[in-house]
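Once you have looked at the hints, place chain B on chain A.
First to last, the sequence lines map onto chains A and B. So in my numbering, the last spot in the first sequence is 281, and the numbers never skip. So in my numbering, the last spot in the second sequence is 598, and the numbers never skip.
Don't take each hint at face value.
Mimicking DSSO-like on lysine-lysine, the simulated pairs with C-alpha atoms at most 27 Å apart in a straight line are [unchecked claim]: (1) B:Lys495 - B:Lys468; (2) B:Lys306 - A:Lys140; (3) B:Lys306 - B:Lys453; (4) B:Lys283 - B:Lys518; (5) A:Lys232 - A:Lys135; (6) A:Lys135 - B:Lys328; (7) A:Lys140 - B:Lys328; (8) A:Lys135 - B:Lys306; (9) A:Lys232 - B:Lys328; (10) A:Lys221 - A:Lys199; (11) A:Lys232 - A:Lys140; (12) A:Lys227 - A:Lys51; (13) B:Lys453 - B:Lys328; (14) A:Lys221 - A:Lys234; (15) B:Lys495 - B:Lys526; (16) A:Lys234 - A:Lys199; (17) A:Lys234 - B:Lys328; (18) A:Lys227 - A:Lys241.
Worth flagging that the hints you see were computed from the coordinates, not collected in a lab.
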Amino acid sequence: MPNTQQLQDFTTQVRRDILRMVHKVNSGHPGGSLGCAEFFVALYQDIMDRKDTFDMDGIGEDLFFLSNGHISPVFYSVLARSGYFPVEELNTFRLINSRLQGHPTTHEGLPGIRVASGSLGQGFSVALGAAQTKKLNGDKHLVYSLHGDGELQEGQNWEGIMYAAGNNVDNIISTIDLNGQQIDGSTDVVLPMGSLRAKFEAFGWTVVDIEKGNDIDAILKGMAEAKSLTGKGKPVCVLLKTVMGNGVDFMMHTHAWHGKAPNDEQLEIGLVQNPETLGDY
Amino acid sequence: MKTYTNTGNKDTRSGFGAGLTELGKTNENVVALCADLIGSLKMDDFKANHPERFFQVGIAEANMIGLAAGMTIGGKIPFTGTFANFSTGRVYDQIRQSVAYSDKNVKICASHAGLTLGEDGATHQILEDIGLMKMLPGMTVINTCDYNQTKAATIAIAEHHGPVYLRFGRPKVANFTPEDQTFEIGKAIRLTEGNDVTIVATGHLVWEALEAAKELNAKGISAEVINIHTIKPLDDKAILDSVAKTGCIVTAEEHNYLGGLGESVARILAQHHPTPQEFVATNDTFGESGTPEQLMHKYGLNANAIVNASEKVFKKK
Numbered sequence: 001m002p003n004t005q006q007l008q009d010f011t012t013q014v015r016r017d018i019l020r021m022v023h024k025v026n027s028g029h030p031g032g033s034l035g036c037a038e039f040f041v042a043l044y045q046d047i048m049d050r051k052d053t054f055d056m057d058g059i060g061e062d063l064f065f066l067s068n069g070h071i072s073p074v075f076y077s078v079l080a081r082s083g084y085f086p087v088e089e090l091n092t093f094r095l096i097n098s099r100l101q102g103h104p105t106t107h108e109g110l111p112g113i114r115v116a117s118g119s120l121g122q123g124f125s126v127a128l129g130a131a132q133t134k135k136l137n138g139d140k141h142l143v144y145s146l147h148g149d150g151e152l153q154e155g156q157n158w159e160g161i162m163y164a165a166g167n168n169v170d171n172i173i174s175t176i177d178l179n180g181q182q183i184d185g186s187t188d189v190v191l192p193m194g195s196l197r198a199k200f201e202a203f204g205w206t207v208v209d210i211e212k213g214n215d216i217d218a219i220l221k222g223m224a225e226a227k228s229l230t231g232k233g234k235p236v237c238v239l240l241k242t243v244m245g246n247g248v249d250f251m252m253h254t255h256a257w258h259g260k261a262p263n264d265e266q267l268e269i270g271l272v273q274n275p276e277t278l279g280d281y
Numbered sequence: 282m283k284t285y286t287n288t289g290n291k292d293t294r295s296g297f298g299a300g301l302t303e304l305g306k307t308n309e310n311v312v313a314l315c316a317d318l319i320g321s322l323k324m325d326d327f328k329a330n331h332p333e334r335f336f337q338v339g340i341a342e343a344n345m346i347g348l349a350a351g352m353t354i355g356g357k358i359p360f361t362g363t364f365a366n367f368s369t370g371r372v373y374d375q376i377r378q379s380v381a382y383s384d385k386n387v388k389i390c391a392s393h394a395g396l397t398l399g400e401d402g403a404t405h406q407i408l409e410d411i412g413l414m415k416m417l418p419g420m421t422v423i424n425t426c427d428y429n430q431t432k433a434a435t436i437a438i439a440e441h442h443g444p445v446y447l448r449f450g451r452p453k454v455a456n457f458t459p460e461d462q463t464f465e466i467g468k469a470i471r472l473t474e475g476n477d478v479t480i481v482a483t484g485h486l487v488w489e490a491l492e493a494a495k496e497l498n499a500k501g502i503s504a505e506v507i508n509i510h511t512i513k514p515l516d517d518k519a520i521l522d523s524v525a526k527t528g529c530i531v532t533a534e535e536h537n538y539l540g541g542l543g544e545s546v547a548r549i550l551a552q553h554h555p556t557p558q559e560f561v562a563t564n565d566t567f568g569e570s571g572t573p574e575q576l577m578h579k580y581g582l583n584a585n586a587i588v589n590a591s592e593k594v595f596k597k598k
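Excised from the complex, chain B in its bound form:
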């Protein structure tokens, strides 16, 4: 089984900051907006290097989204930055009308997604944002898994015309994807080859899926791990090709099972290749305060949960 090396824990939000810094140098049309969270979003570098292209909007997310929509008129490519909760739920109608329906080239970049914000609790966590964003016609939805991939995705979305939701997080997690990767929107990445179970994971759960695959391998179950960084448009073929071989699937995400990656995968399977599926996701609940590790354990979002789900679904074949 192919294995991956963690080159050192890093936060995905810093990958976003690094990508934005790179874009500042290479694309003069890129502008950045932030709603009073420059440090949290790691936008300090861009602000320092390009003050004329950086817009501090204050604690006013609705205005930030509208400003970004307007800034596209005249050729700018706005990147907005705030927490995932305030990037989506708080401004849903602004995104819907001024960005998505108006087909504006806005990149909505959201940190602190999921439970792993930790101690701040449910008001600042969000487990519904993938669902909210994937339902918007024309919206591309991306949830990256580590620092390197987040940096590459940030750079890639500037070249894609149309609204994008880029979701990442706060905790320092394993950094294991190649530093020099080219990010291809909508193209799943098969990380391990296996014959017994397919594990489709997104975001922070991708590394957990790799850890789970090692454990499963030791138990004699060969797992095929697929990194689905783009939830919309979904790489149907990668999923269908894999389940044609394995015959069962586990989906894993730091999100509610309602409206998440798992449901998107289930739809593809129901239409084209009905397959036993287990969901590693939160079960229609809000989060709470705690350390990221405690929360991921309590809500069943770690390697252990993926192993259990894989064994369960394997028996259903």
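Next comes chain A alone, as it looks inside the complex:
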């Protein structure tokens, strides 16, 4: 397993990738991507037990589903740098004829993606279905999923959340990216959601808090705790408190960079703050 410094270096490179990808096409979602960079790196470089090669069925390995598909830049960067496809392909993000669509899809055959996401609120159901199949197949591996906090305003989530506890789907760890922001402003202003812990607990889930969601060690510790709570009859939810735009000072603590790319000058500032570690694509 890589040590903390190696994971941090990996994350710094992922931040560079995110900034460069969205800058090149002047579109995409850097804020949420940056906020989840540490989580993705920890997941793919440490936490998940996964095979080196991709096959859709993923039998005998852990699976991951991204529900808030708009943070595709971080997903693509981590997938590429974890060996699923050539890192150079990050150059094609959002371009015509690319496998790296604006939102992730299986349609173009990009290794590492198991379902399309983008229209929000569908990931819980899909991840739960995959978890049910793992049980049917006698596969002891886990299913991980990530969801935005604003995304939880979609009703389908709560159908899935209710289903999971009612059917003892205890081989899933669903993480909520609690950055408190969505396109139109803070989640508290757009549609206050109250206590997510209370809601998930009322729906029968075990809840783990990761207060420092941009700290690699805190993520590893929290996810290890979450993993220890699987297999006990209840689904597990991780409330991951992150800072949108983390690692690029002018993008932090605001929803302004939810779906906006940096200009040339802003890109340079961001790259200076995140020096090259693994080599740019």
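Quick look at chain B alone, frame taken from chain A:
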């Protein structure tokens, strides 16, 4: 003229249930999901025989579609069951993104389609579902005509990789296709040979088309009846071969003429063989409460309507 015998009225949904029961025995990858309508969908047998492969999801159709999409990952073949309205319109975006765009091997099985649900009225009937489903890239759309064909289709779609919409209904209708048939997706079945008019029918309207053909025959008009159980992909050749002979066509379906079988047929004809056509379908309307027979009469979806349409189109040649 070739005639067909009704071996006894049966509901097409029971054909689905029987097909699912058969699949339970023969294909261990088949799983079934239902949104609180086990009895209505005739899924009781499968549930009783394979409780570990049956998933009651409650009144939560969006979650059901997403679960089904996820279950395919790892090799399962999910069959979802609810009414046609809740199988399509209610969950269109879930089917679009998680199933069709993601190319998931999900079989969306929909009962109580069309008007023949009857007394429950327009909230539970649907006359738009064929249109909704046929517009989705990669979606196969099937509307079976009787018990035997529905059973055969249910078994056949498990062997087909890709998303399928299987549409059937509630009322007991004539069961006249062979019990031992092999269902071939996308292959139309010519039921009668004729030279004067082609009648292309789907679902419950196929038997009505056969009844209409008898009446037309008595009036000296020989009708060629084609059972189009698969609306997408459409058997273009069967349609074009027939109109090359008859020179006019009637399409018949328990669906809105907008977006239905008739429009698919019209496109083929417009491109390859412009032909006078009449539509037996609902006219851009919702349904209402009533007995199935009353509704099919009021909305012009029976043998009599097919006879009238055939005579009309025959004169246009």
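Taking the hints in turn, this is what the structure says about them:
no.: 1; hint: B:Lys495 - B:Lys468; in the structure: holds, 24 Å
no.: 2; hint: B:Lys306 - A:Lys140; in the structure: holds, 26 Å
no.: 3; hint: B:Lys306 - B:Lys453; in the structure: holds, 26 Å
no.: 4; hint: B:Lys283 - B:Lys518; in the structure: holds, 22 Å
no.: 5; hint: A:Lys232 - A:Lys135; in the structure: holds, 14 Å
no.: 6; hint: A:Lys135 - B:Lys328; in the structure: holds, 18 Å
no.: 7; hint: A:Lys140 - B:Lys328; in the structure: holds, 25 Å
no.: 8; hint: A:Lys135 - B:Lys306; in the structure: holds, 20 Å
no.: 9; hint: A:Lys232 - B:Lys328; in the structure: holds, 26 Å
no.: 10; hint: A:Lys221 - A:Lys199; in the structure: holds, 23 Å
no.: 11; hint: A:Lys232 - A:Lys140; in the structure: holds, 13 Å
no.: 12; hint: A:Lys227 - A:Lys51; in the structure: holds, 19 Å
no.: 13; hint: B:Lys453 - B:Lys328; in the structure: holds, 23 Å
no.: 14; hint: A:Lys221 - A:Lys234; in the structure: holds, 20 Å
no.: 15; hint: B:Lys495 - B:Lys526; in the structure: holds, 19 Å
no.: 16; hint: A:Lys234 - A:Lys199; in the structure: holds, 15 Å
no.: 17; hint: A:Lys234 - B:Lys328; in the structure: holds, 24 Å
no.: 18; hint: A:Lys227 - A:Lys241; in the structure: holds, 18 Å
Going down the numbered hints, you'll see the structure goes against none, and every one checks out.
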